[in-house]
Amino acid sequence: MWISALNRKLLREAWRLRGQIVTISIVLASGMICFISMRGTYASLAVSKHEYYDRYRFADVFARAERVPESVARRIEALPGVAVVETRVAEEVSLPIDGMERPAYGRLLSLPSTRPPATNALYLRRGRYPEAGKSDEIVLLDSFAEAHGLVPGHRVPVVVNGKRRSLRVVGIALSPEFVYAIRPGALVDDPKRHAVLWMERSALASAFQLDGAFNDVTLRLAPGASEQGVRVAVDRILARYGGIGSIGRKDQVSNRILSQELDQLGVLSTMIPAVFLGVTAFLVNLVLGRMIRLQRPEIATLKAIGYSNREVGGHYLGLVTVVLVPACVVGLAGGFFLGRVVLGLYGRTFRFPTLEFQLTPGLMIMAVVVSAIAALGGALGAVRAAVRLPPAEAMQPPAPARYRRSLFERLGLDVLFGPGGMMVARELTRRPFRTLLSSFGIAGAVSLLILSHFALDSLLGYFEGTFRREQRQDLAVVFARPVAPRVVGQLARLPGVVTAEGIRAVPVRIVNEHRSRASVIMGLPAEHTLRRLIARGGAEVTIPDDGVVLTKTLADVLGLRIGDRPEIEVREGDRRTVRPVVVGFVEDSIGLSIYARAGLLAELEGDLGATSSALLRVDAREVEQVEAALRRSPSIIDISDAAGDMQRLLDMNSSIMNVWTVISIALSGGIVFGVVYNNARIGLAAWARELASLRVLGFNIREISAILLASQAIEVALAVPAGLWLGRVWAEWFMSSMDPETFRWAVVVAPRTYLLSAVVTVLAAMVSALWVRRNLDTLDLVAVLKARE
Amino acid sequence: MQIVPNGKARAPVIAGSPILSCTGLKKVYRMGDVDVRALDGVSFELRAGEFLVLLGVSGSGKSTLLNILGGLDVPSDGRVFFGTEELTLAGEDELTAYRRHHVGFVFQFYNLIPSLTARENVALVTEIADDPLDPEEALGLVGLGERLDHFPSQLSGGEQQRVAIARAIAKRPSVLLCDEPTGALDFRTGILVLEVLERVNHELGTATAVITHNAPIAAVADRVVTLSDGRIQESHQNTARARAAELRW
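Listed in order, the protein sequences are those of chains A and B. The working numbering numbers the first residue of the first sequence as 45 and each following residue consecutively. The working numbering numbers the first residue of the second sequence as 49 and each following residue consecutively.
Hints were generated in silico from the structure; no laboratory data involved. Yeah, the Cβ is synthetic: ideal placement off N, Cα and C, and Gly gets one too. Among the hints, a few may not be true.
Stated by the list, open to error - Pulled a few chain A residues facing chain B out of the computed Cβ check, cut under 10 angstroms:
id, residue
1, Glu437
2, Leu800
3, Ala802
What the hints assert, rightly or not - Covered by chain A, according to a simulated footprint, are these stretches of chain B (three or more residues, beta-carbon under 8 angstroms):
id, segment
4, 126-137
5, 173-181
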């Protein structure tokens, strides 16, 4: 193969610089791997979501009510902007599956008798739809079926409206409504305990005495329709039938969590590769800049013999190609591989009919272009210097480096360092910008480690702090329908139950000036010990008879301050409106809840105080007996222990986090290694003569190693605290970019995360520095001293 | 004549006609607050086929003159002509083309590319020139036909300088400009290099300008120009050219 002399020069120099080129390529490839895998996952999820929603007619508006005559559907259909209306019966059931300590929670939804649903169509993975009139046939959500190994033909026990029945699975399906399936009130998805069942409409309606009526309606809007306008109209129509307020797609649980996950991924897939690309640009600049400074005479010669500025510039930019090509190959292949793994992990939690990692030409081109821009951007300054160098000037050796007395000397600290220390200090202060950039690159790596761990730390921080202080119950039970307060008394008398407190949840709309939100008032008994409200700083907030306490997030969203009186509109019963005074905030809790005294709610509802759920404190030795007793009660729809849920969430996260820890250590370690290695190599090239002279003067290897590596040590020492701080700032910024209404808690970075980040950085730097140091052992004193720079 | 021909055009090669000339050449460098006059009104010409020695002590302006004649530098004042083409009006691209097609440079410190072999160093030029010699042929002319695949670090100083000469002549330049070509060499090797230059001048008819501070070298020239403080002090024609092998210093 014919290769021009100029390209031979390039290849031989690349070979000579192979260590540096490989490390830069690794950093760049890591950036590409992150970019391709995260962006690709993001795009694949986004495309799947879009196609799934579109093809399976995911609804735009969801509304529930108590009992609405079917004829009302026509009024909704006639509303301007409404394209499709699907009414259905939706009820909660429990599934006392054999071998499970608690029944699973289920949502039982009706399917039209003779046609597929007009909204929220099912993707039948196996089997068929229930036949009309067959009251024991159901289609089951695939995640639940999979968790229990259920297939068409199997029977499952279901408590329907207080009666235990055995229903036959005829189909396994996915639904755009349940891409992420989570029980109401649960903190984490648990496929084993969350079922969705679809039953033929007439069978379901007769089980709940809803013949000729519906209690749930979903709509698809015409293009360009105002969602807000339609929802207001729908709410108005459903108000007299016990409507509790519609929600848009944005607030639909599954979609909200999926969208939020996509948002996070979108932010991270930009932030993380940016660090790698920045470091790449810096390293390319460092290495190429050094090479060009050393090659002044060669540049002059090339120009003198007739090479144009463009050819000379192109020649040095060729080195970028040498970095770029292997990085692209590894980056694209690695990104594709990692992307499939990551998407596979997402696919376990987010259920789509098809989820394929899409390495589109567009994504590949973008990855290559962005990487090329980073590498070329780094090269540009250095190459411009080569191009601009007038040939006559390049003939002359560069002026000797200008050193000045450093700050240390002016402060009189030079006596502490000795001449070796002064060499280091002057070198660092001569190139303060390079020192800062090196430190910044390493700090970027440190911050990546923080960034990859803070989510778990924050979750743990929330769990260990707020959650444990606020939620002191062992078990929480949810009733199928609100019950009389005496039921709580009965629960309290169960053997093994120490304390039982009822909670009443009432759907409301809270309004402050032009801002409003759908929320829930949690009515707590006057003497409540199991559910405590904790303000920032740890003080417990007490609620007066006529006041309410809000989560800080809700208060911020509505712009409410203590003493304000927002309008709260109850969305059930008589639909009264009140203006209670805001007396406090629960600072660190998640969500948009309102807390009040149960008495206030009873007054609002005009009843004696029904209870929708109960918190139980149970003797640890008798938890099983208590649960067994609770399971027998048909009025209880769900039993949960939030602490157990939280623990499962942490367990699940920590196993994912362990994988991520290894990946992040490898990636960050790679950056640190790359920066330190390249700096040390350049230091060695620049100082070989001085170090050899020192050896001749009688310095030993250890002493000259210290001089060579001290500047790297100082850069790392600057970078570690800066990186820890930067990581924290990034984490805060990342959290603030999330939707506060669905996902935001206080950023916590645990001391062990700081420690891990610092240790990984220092170790990677040490390995890298020692790697370069080996060269000093074989430093050929005579050759170095004879060489003309 | 065009500086940027489609590659084939050459400067007029009528023996004795001026191939490179300048009038009133001045070059002023600003060093700190002081203006240094490296050239102060130099008028001079190099004729086709001529072997010219520019003699002068260090700092007399001879390297500056050579750089300007070779299109590596531009004068502060005055005009430079290559044939009838005015170099002082040429832009960056035209100067590059001038160097690429018409000028061969030989430097005191050889300026070889250390990562390229002798053959590849010459190929650097032959790959971009029109109608060049083969690298092997050029290296054969300087007596290095056996050392084609050696890297500069594997060659002696004299051999490196001969590679540099081969590189300079491989494009069949109209003008060969040599800046202290023997300056870094011992006497014996220096003579060897001068012999090569002599041979190139004789066999290829390349107009050759050698700058040196070493007065005895002037004996090999057709004409000797002496520079001092940026001015031409003296110019004389040697009645008979000595052979390089006869020189002693």
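message: Using a Cβ cutoff of 8 angstroms, are there at least 3 residues of the segment 126-137 of chain B near chain A, or does the coverage claim fail?
response: violated (count 0)
Chain A over the segment 173-181 of chain B, status - at least 3 residues with CB closer than 8 angstroms: Our answer is that it holds, as 4 residues pass the Cβ test (under 8 angstroms) against chain A, meeting three.
- prompt: Is the interface hint for Glu437/A satisfied, with its Cβ closer than 10 angstroms to some Cβ of chain B?
  reply: holds (8 angstroms)
Supplied contact hint for Leu800/A, tested at 10 angstroms Cβ to chain B: violated (43 angstroms)
message: Does the closest beta carbon of chain B sit nearer than 10 angstroms to the beta carbon of Ala802/A?
response: Violated: closest Cβ of chain B sits about 41 angstroms from Ala802/A, beyond 10 angstroms.
Hint compliance for this structure: hints 2, 3, 4 are not met, and every other hint is.
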